[in-house]
Amino acid sequence: MVAVSTNFLAAIGRIFLAFMAATGRLSVFTATALSHCVTPPIFPRLLFRQMMSIGYYSLPVVGMTAVFTGMVLALQIYSGSSRFNAEGAVATIVVIGITRELGPVLTGLMVAGRVGAAMAAEIGTMRVTEQIDALTTLSTNPFKYLVVPRLIAGALMLPLLVLVADIIGVMGGYLVGTEKLGFNSASYIDNTFEFLEQIDVVSGLVKASAFGFIVSLMGCYPGYHSRGGAQGVGAATTNAVVSASILILAANYIITELFFDI
Amino acid sequence: MSTQNPAKIVMRDVHKSFGPKVVLDGLDLEVGQGESVVVIGGSGTGKSVMLKCVLGLLHPEQGSIKVDGEEVVGMRGKERDRVLEKFGMLFQSAALFDSLKVWENVAFGLIQGRGMSRDDAKGVALTKMAQVGLGEDVGELSPAELSGGMQKRVGLARAIATEPEIIFFDEPTTGLDPIMGDVINDLIVDCVQELGASTLSITHDMASARKIADRIAMIYKGKIIWAGPTEEVDHSGNAHVDQFIFGRAEGPIQMEVLRP
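Which chain is which? The protein sequence lines are A and B, in order.
For the first sequence, the positions run 0 to 261 when numbering that gives the first Met the number 0 is used.
For the second sequence, the positions run 0 to 259 when numbering that gives the first Met the number 0 is used.
Bound-form chain A, shown alone (with noise of 0.2 Å):
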């Protein structure tokens, strides 16, 4: 009994400390990156590279998941609402919803899979075939050459893929509730912007942007230590998908804790 305990123990403190050296190691990646973010030289072009990748290629995916979801929202709210006479409130409630928390939230979590996975395999296989070690050898730092430009164009590009999110869910809600619900035209946006405030859309522009580096973040690490071929880079790409979702969700939280007595 007394073995049974202990091993069991002992599991948990196996378990608990590598928790906290991949969590050590995970934040030296960042402090790391970081400083080579604000240090030169930035790669414009590669920069510019990323911004494309993640930015204008994302819009379609981002666009497609703001606009079903701006429809089913408004349906849902209406249904809700019609039991206690507040259908005034589809509108209201829609884009509150959309830009607090649903734009960045369902932006954030498309785009990791989308650009995330991309981004692990990348750098993964650039791992496994040594590209890494030969940007060493040509004089090229690897953090700058290709976790900076990720790292910026994510913080940047999010937070304007969240805006056009906003703008197409806000519109999806608008063509359910004025073509299915039977709201007036003018009443609806009216509605959408007469209790619409600053905050409610920064807020979800600053959880876009720790959205956006999360992302990349997660994206570079697991492809930058990525061992054993073709399953390592798998592996890597799996990693970057699941860790990026559930730190966007742990930090929306905590982002929405920030801002909620403002």
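Treat the hints as calculated values from the structure; they're not laboratory data.
All of these numbers come straight from a predicted model, not from anything done at the bench.
Do not rely on the hints blindly, as some may be mistaken.
Cβ-to-Cβ under 8 Å is the rule here; a few derived chain B residues that face chain A [as the list claims (entries may be wrong)]: (1) LEU54; (2) LEU56; (3) ASP80; (4) LEU83; (5) PHE86; (6) MET88; (7) PHE90; (8) SER92; (9) ALA94; (10) PHE96; (11) PHE107; (12) GLY108; (13) GLN111; (14) GLY112.
Now the in silico label distances, taken between C-beta atoms and shown as ranges [said to hold, decoys possible]: (15) B:PRO228 x A:ARG48: 44 to 52 Å; (16) A:ILE253 x B:VAL21: 44 to 52 Å; (17) B:HIS58 x A:PHE194: 54 to 62 Å.
Sample of chain A residues with no beta-carbon within 12 Å of chain B, all distances over it, derived [claimed, not checked]: (18) ALA10; (19) ALA85; (20) GLU86; (21) GLY112; (22) ALA116; (23) MET125; (24) ILE151; (25) LEU162; (26) GLU196.
Glycine is no exception: its CB is placed at the ideal position from the N, C-alpha and C atoms.
Position chain B relative to chain A; hints supplied.
Here is chain B on its own, set in the frame of chain A:
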């Protein structure tokens, strides 16, 4: 393990382990100025790890590595970058950057490392590509469109593009047919002679070793167990070396093979 020439690279008592696995176990080796040293040895004996320790890609736990008399173990940041400018390297898999065109790969060290303009660097890259027998049209291709032999040539062009003082060749003929292997060997000899560079190569291809080496050293269990001029390798008097160069299954080097 020493050389007659002034030493370009000196490794002394270098130790490197990965967990419980000891890979380098007190390795000593020198590469002289303008000398071509080839380290031979079986898979997993520490050849690649040795190169990576010199380049700072791996950090030895113990020992000294000097480049031009300067200790590089523990060197970081700008100091490390300055030393790395002396090096060129041809990787086993060529390690070409997939996202760049062939000429951009060759010009990479000039553009990113030396700050040369893209136009000037392209000119140099095309010259180096011509030196290894690749035409201008190849420059616009992506690395994925090239055969293994052509990728090695591009890797060689990239390694010599910055005209480094020291060039490392990591199994330069692995994966190539014998004719293409010999072509690569000839290119290595020509390019190195033209540059006057010191080279350190690792291989288990004896034809390649005989062709490009001034001196051959054999690594076994993380140590250099024999080193001498290329012409003496057939009369080394070392049973390990004899077994390796003649490719015998029987001998002091025992492979861990499970037999039914």
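Going through the hints against the structure:
no.: 1; hint: LEU54; in the structure: holds, 6 Å
no.: 2; hint: LEU56; in the structure: holds, 5 Å
no.: 3; hint: ASP80; in the structure: holds, 6 Å
no.: 4; hint: LEU83; in the structure: holds, 5 Å
no.: 5; hint: PHE86; in the structure: holds, 6 Å
no.: 6; hint: MET88; in the structure: holds, 4 Å
no.: 7; hint: PHE90; in the structure: holds, 5 Å
no.: 8; hint: SER92; in the structure: holds, 6 Å
no.: 9; hint: ALA94; in the structure: holds, 4 Å
no.: 10; hint: PHE96; in the structure: holds, 6 Å
no.: 11; hint: PHE107; in the structure: holds, 5 Å
no.: 12; hint: GLY108; in the structure: holds, 4 Å
no.: 13; hint: GLN111; in the structure: holds, 4 Å
no.: 14; hint: GLY112; in the structure: holds, 3 Å
no.: 15; hint: B:PRO228 x A:ARG48: 44 to 52 Å; in the structure: holds, 50 Å
no.: 16; hint: A:ILE253 x B:VAL21: 44 to 52 Å; in the structure: holds, 45 Å
no.: 17; hint: B:HIS58 x A:PHE194: 54 to 62 Å; in the structure: holds, 59 Å
no.: 18; hint: ALA10; in the structure: holds, 20 Å
no.: 19; hint: ALA85; in the structure: holds, 54 Å
no.: 20; hint: GLU86; in the structure: holds, 53 Å
no.: 21; hint: GLY112; in the structure: holds, 21 Å
no.: 22; hint: ALA116; in the structure: holds, 17 Å
no.: 23; hint: MET125; in the structure: violated, 8 Å
no.: 24; hint: ILE151; in the structure: holds, 18 Å
no.: 25; hint: LEU162; in the structure: holds, 29 Å
no.: 26; hint: GLU196; in the structure: holds, 44 Å
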